[in-house]
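With the hints as constraints, model all of the structure from the sequences given.
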Amino acid sequence: MYGIAIVNGYSGIGSKQAGRLKEELSRYGAELDIFPNALCAEYPASDFVVFLDKDVRLAAELEKKGVRVFNSSETIRICEDKTLTYLAVGGEGVVVPCTIYAPLCYSDLSKMRKKVSEEADKVIQTLGLPLIFKLNVGSLGIGTRLIESREELEAAMTEFSAVPHHYQRFIASSRGTDVRIAVIGGKAVASMRRRNERGFLSNIAAGGVAEKFVPDERFFRMAEIAASRVRADYCGVDLLEGERGEPVLLEVNSNAYFEGIERVSGVNVAGKFAGYILDALRR
Numbered sequence: 005m006y007g008i009a010i011v012n013g014y015s016g017i018g019s020k021q022a023g024r025l026k027e028e029l030s031r032y033g034a035e036l037d038i039f040p041n042a043l044c045a046e047y048p049a050s051d052f053v054v055f056l057d058k059d060v061r062l063a064a065e066l067e068k069k070g071v072r073v074f075n076s077s078e079t080i081r082i083c084e085d086k087t088l089t090y091l092a093v094g095g096e097g098v099v100v101p102c103t104i105y106a107p108l109c110y111s112d113l114s115k116m117r118k119k120v121s122e123e124a125d126k127v128i129q130t131l132g133l134p135l136i137f138k139l140n141v142g143s144l145g146i147g148t149r150l151i152e153s154r155e156e157l158e159a160a161m162t163e164f165s166a167v168p169h170h171y172q173r174f175i176a177s178s179r180g181t182d183v184r185i186a187v188i189g190g191k192a193v194a195s196m197r198r199r200n201e202r203g204f205l206s207n208i209a210a211g212g213v214a215e216k217f218v219p220d221e222r223f224f225r226m227a228e229i230a231a232s233r234v235r236a237d238y239c240g241v242d243l244l245e246g247e248r249g250e251p252v253l254l255e256v257n258s259n260a261y262f263e264g265i266e267r268v269s270g271v272n273v274a275g276k277f278a279g280y281i282l283d284a285l286r287r
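In this note's numbering, the protein residues as written are 5 to 287.
Hints listed in this document are in silico derivations from the structure and should not be mistaken for laboratory results.
Accuracy of the hints is not assured; some may be wrong.
Per label pair, the in silico range of CB-to-CB distance [to be verified]:
1. K68 <-> E152: 39 to 49 Å
2. R199 <-> G97: 19 to 29 Å
3. K119 <-> D220: 42 to 52 Å
4. M116 <-> N272: 29 to 39 Å
5. K20 <-> S177: 25 to 35 Å
6. T130 <-> Y6: 45 to 55 Å
7. K191 <-> K115: 48 to 58 Å
Values in this document were obtained by computation on a predicted structure and should not be read as measured data.
Built from N, CA and C at the ideal position, the CB exists for glycine as well.
What follows is the structure, given as structure tokens:
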């Protein structure tokens, strides 16, 4: 079996994951070469592709050539846009924070102060303050803000009126922390907690630290349901802890890193993913 892994061509993000997968696949006698999603790139014929980036269009192009892609372009598309994720996974068995989807406006809202004030009223009345502002598409905590005043909210509304975004109720009980669960083939295989003592974001890139943590069964079950609803081969499901300790879904990451979760959990996530890939290709 010969496969290729696609990583980000600008930052190289995903290269460590790809290296781990290459190592684990080799134990099964399979080969994996690593390529960036560069402009005008050409890729060799392969039996499968492991997609460790969010380039939906490239993933779809490779699928059109008849290659099995892990994860599929549709899974990547849904997970890339947080609002599409909430719409896909929300329902019985999955709780998401109260969310307001913002309509786009291509006019200059700085000239519509009254309208902005009215819209801000609606958001604050529904979600309270502080609240979370998020761009629909973003990684590593980029594009996420904690809004603590009406002035900050109106400024964000005006600045990002033409950019897809949404507002969410702030889960104060989980400030600076979340639970990451790795799911492969619909089964939870590893978990960790991320904690940031200095900010509201738990992301490692934003200063968070990974800790060994095994949550109760409710968290694993919700992660598995969410992963199945986006049809993920592999994903990292991020969950908050609500006021009563209940799981609340934050997002589903189609190309979640596994370096940290392997280190703190002691689980060979890359090995499990490699085994799943080869089993899926044989079916």
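Provide an ascending list of the numbers of those earlier hints which the structure does not satisfy. Violated: hint 4 alone.
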